[in-house]
Amino acid sequence: NAGVTQTPKFQVLKTGQSMTLQCAQDMNHNSMYWYRQDPGMGLRLIYYSASEGTTDKGEVPNGYNVSRLNKREFSLRLESAAPSQTSVYFCASSEARQVGETQYFGPGTRLLVL
Amino acid sequence: RKEVEQDPGPFNVPEGATVAFNCTYSNSASQSFFWYRQDCRKEPKLLMSVYSSGNEDGRFTAQLNRASQYISLLIRDSKLSDSATYLCVVLFSGSARQLTFGSGTQLTVLP
Numbered sequence: 001n002a003g004v005t006q007t008p009k010f011q012v013l014k015t016g017q018s019m020t021l022q023c024a025q026d027m028n029h030n031s032m033y034w035y036r037q038d039p040g041m042g043l044r045l046i047y048y049s050a051s052e053g054t055t056d057k058g059e060v061p062n063g064y065n066v067s068r069l070n071k072r073e074f075s076l077r078l079e080s081a082a083p084s085q086t087s088v089y090f091c092a093s094s095e096a097r098q099v100g101e102t103q104y105f106g107p108g109t110r111l112l113v114l
Numbered sequence: 001r002k003e004v005e006q007d008p009g010p011f012n013v014p015e016g017a018t019v020a021f022n023c024t025y026s027n028s029a030s031q032s033f034f035w036y037r038q039d040c041r042k043e044p045k046l047l048m049s050v051y052s053s054g055n056e057d058g059r060f061t062a063q064l065n066r067a068s069q070y071i072s073l074l075i076r077d078s079k080l081s082d083s084a085t086y087l088c089v090v091l092f093s094g095s096a097r098q099l100t101f102g103s104g105t106q107l108t109v110l111p
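Line by line, the protein sequences give chains A and B. Under this note's numbering, the residue at position 50 of the first sequence is numbered 50, and the numbers go up by one with no gaps. Under this note's numbering, the residue at position 17 of the second sequence is numbered 17, and the numbers go up by one with no gaps.
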């Protein structure tokens with residue numbers, strides 16, 4: 001039981017390049033989330049998916065797109081990377097059967113945009 | 001003003017000490033409260049939920065004061081392994097399960 005997995009672990013991009021961050025969970029959770037974490041700012045929600053087939057914007061969606069490919073997988077795409085998107089990206093999942101339940105996080109992807 | 005505010009620290013305490021962290025939140029219509037722990041360069045993990053009546057889990061005690069809109073975490077008999085960043089997390093009513101995270105308080109327990 002791997003929980004939440006993310007690939008890649010590290011990535012360096014040049015400004016304007018695109019890439020997709022992959023996330024998968026094996027806990028049969030309904031909800032999945034993408035966050036970014038920057039120094040001194042806490043985690044901020046980029047997008048979330050309450051259930052398979054639905055996605056919604058979070059606090060900082062600009063510059064990102066997401067796909068809930070199936071119940072297990074939720075990907076985050078940067079179409080044209082900018083230095084401001086240098087951050088640590090965490091994917092998370094939860095059962096979503098009750099409000100305020102535990103979210104389980106993946107190990108993170110460290111992204112540097114030059 | 002941030003919706004969830006924490007003293008960033010760092011708090012450096014000797015082993016065996018008692019240490020307390022506070023967190024304030026701006027929205028009185030908040031629904032659920034949590035403390036998460038994040039080790040250096042790792043993902044956050046739930047430490048404990050915070051209930052209105054206060055709750056304890058071993059050496060950890062969490063308290064909620066809705067009138068003053070703050071949450072506290074008390075760690076007794078600190079261990080070296082308690083060194084981490086502690087994140088205050090709030091679920092605001094009507095936010096569709098969107099957790100709001102504080103920026104964290106860094107704790108280092110010294111031998």
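What the hints contain is simulated information worked out from the structure, not anything from laboratory work. It is possible that part of the hints are untrue.
[Claimed, not checked] No farther apart than 20 Å at their CA atoms in a straight line, the calculated lysine to aspartate or glutamate pairs in the DMTMM-like style are these:
#1 B/Lys45 / A/Glu52
#2 B/Lys79 / A/Glu59
#3 A/Lys9 / B/Asp39
#4 A/Lys14 / A/Glu101
#5 B/Lys45 / A/Asp26
#6 B/Lys45 / A/Glu79
#7 A/Lys57 / B/Glu3
On a predicted model such as this, the values are computed, not experimentally measured, just so you know.
Results of checking the hints against the structure:
1. B/Lys45 / A/Glu52: Measuring from Cα to Cα gives roughly 24 Å; hence the hint is violated.
2. B/Lys79 / A/Glu59: Roughly 36 Å between the alpha carbons, so the hint for B/Lys79 and A/Glu59 is violated.
3. A/Lys9 / B/Asp39: Satisfied, since the Cα-Cα distance of roughly 17 Å is no more than 20 Å.
4. A/Lys14 / A/Glu101: Violated: A/Lys14 and A/Glu101 sit about 38 Å apart, past 20 Å.
5. B/Lys45 / A/Asp26: OK: B/Lys45 and A/Asp26 at ~17 Å, within 20 Å.
6. B/Lys45 / A/Glu79: Distance ~30 Å between B/Lys45 and A/Glu79 Cα, so the pair is violated.
7. A/Lys57 / B/Glu3: 18 Å, holds
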